[in-house]
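A.B. asks: Sequence:
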Amino acid sequence: MVFLDDIYLKYIGWTLYDKVGDCRLRCLLALIPLFQTTDLVGKLELFTNRFKDRIVQMTVDCEYEVAVQAIKLLTAILKFNERILEDKDCENIYELVYHSHRQVAQAAGEFLNQKLFHKAEQPLTSSKKRSQNTAFMHLLVQFFIESE
1 MVFLDDIYLK
11 YIGWTLYDKV
21 GDCRLRCLLA
31 LIPLFQTTDL
41 VGKLELFTNR
51 FKDRIVQMTV
61 DCEYEVAVQA
71 IKLLTAILKF
81 NERILEDKDC
91 ENIYELVYHS
101 HRQVAQAAGE
111 FLNQKLFHKA
121 EQPLTSSKKR
131 SQNTAFMHLL
141 VQFFIESE
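Sequence positions in the sequence shown follow the UniProt record's numbering and run 1 to 148.
Be a bit skeptical, because a hint or two may be false.
[Stated by the list, open to error] With a cut-off of at most 30 Å between alpha-carbon atoms, the simulated DSBU-like pairs for lysine-lysine come out as follows:
1. K19 / K43
2. K79 / K10
3. K52 / K115
4. K79 / K115
5. K52 / K19
6. K10 / K43
7. K88 / K19
8. K52 / K88
9. K43 / K115
10. K10 / K88
11. K52 / K79
12. K115 / K88
13. K115 / K10
14. K10 / K52
15. K88 / K43
16. K43 / K79
To be clear, the hints were calculated from the coordinates, so they are not data collected in a lab.
Modelling step: build the complete structure from the supplied sequences, incorporating the hints.
C.D. replies: Next comes the structure, spelled out in structure tokens:
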């Protein structure tokens, strides 16, 4: 796939800085399916490392739909490679679960679920159901306490 070469992807990355919100939004909407396709994700590592900081900045964009899609893109990146996002990047998104705009808070909640709680999820047997729920609740309470 020639279009995934860095010489082409950089133009998409540059549009992340565009003044027009709709342009930034369309760029994010184009990137999300690429990161959700396991065959393509490996070719996006250089792009991700180069533009990750900008995508994290976009989570607090003045246009809420851009912020929502930026969080969704970071969730897709997180599923691809958890090590790409640093703790400080994730902490900025964690705070957005308390955002006044519902879609931003919901997208941040999905990110939080993927980052913190997805590890606790394992196939359940009826005897392990209570212990797994206990671990989940412990993580949830711990997150709430640390976020205050």
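A.B. asks: The structure should be examined with respect to each hint, and the outcome stated for every one.
C.D. replies: A quick look at each hint next to the structure:
1. Taken as a hint, the K19 and K43 pair is honoured in the structure, with Cα atoms around 28 Å apart against an allowance of 30 Å.
2. A C-alpha spacing of about 22 Å is found between K79 and K10, which places the hinted pair at or below 30 Å, so the restraint holds.
3. The straight-line distance between the Cα atoms of K52 and K115 is roughly 16 Å, inside the 30 Å bound, and the hint therefore holds.
4. Distance hint between K79 and K115 is fulfilled; the C-alpha atoms sit about 8 Å from each other, no more than 30 Å.
5. Restraint check for K52 and K19: the C-alpha separation of about 18 Å stays at or below 30 Å, so the hint holds.
6. As the CA atoms of K10 and K43 are separated by approximately 13 Å, the hinted pair is consistent with the 30 Å bound.
7. This hinted pair checks out: K88 and K19 have alpha carbons roughly 26 Å apart, not beyond 30 Å.
8. In summary, the hint linking K52 to K88 is supported, as the alpha carbons are separated by about 12 Å, within the 30 Å threshold.
9. Of the supplied pair hints, the one linking K43 and K115 holds, its CA atoms being roughly 23 Å apart against a limit of 30 Å.
10. As the CA atoms of K10 and K88 are separated by approximately 25 Å, the hinted pair is consistent with the 30 Å bound.
11. With a CA separation close to 14 Å, the supplied pair K52 and K79 stays within the 30 Å bound.
12. A threshold of 30 Å between alpha carbons decides the hint, and for K115 with K88 the separation of about 13 Å falls inside it, so the pair holds.
13. Under the criterion of a C-alpha separation no larger than 30 Å, the hint pairing K115 with K10 is consistent with the structure, at around 27 Å.
14. This hinted pair checks out: K10 and K52 have alpha carbons roughly 13 Å apart, not beyond 30 Å.
15. Proposed proximity of K88 and K43 is supported: the alpha carbons are some 25 Å apart, at most 30 Å.
16. For the hint linking K43 to K79, the alpha-carbon distance of about 15 Å falls within 30 Å, and the restraint holds.
Of the numbered hints stated above, none is contradicted by the structure.
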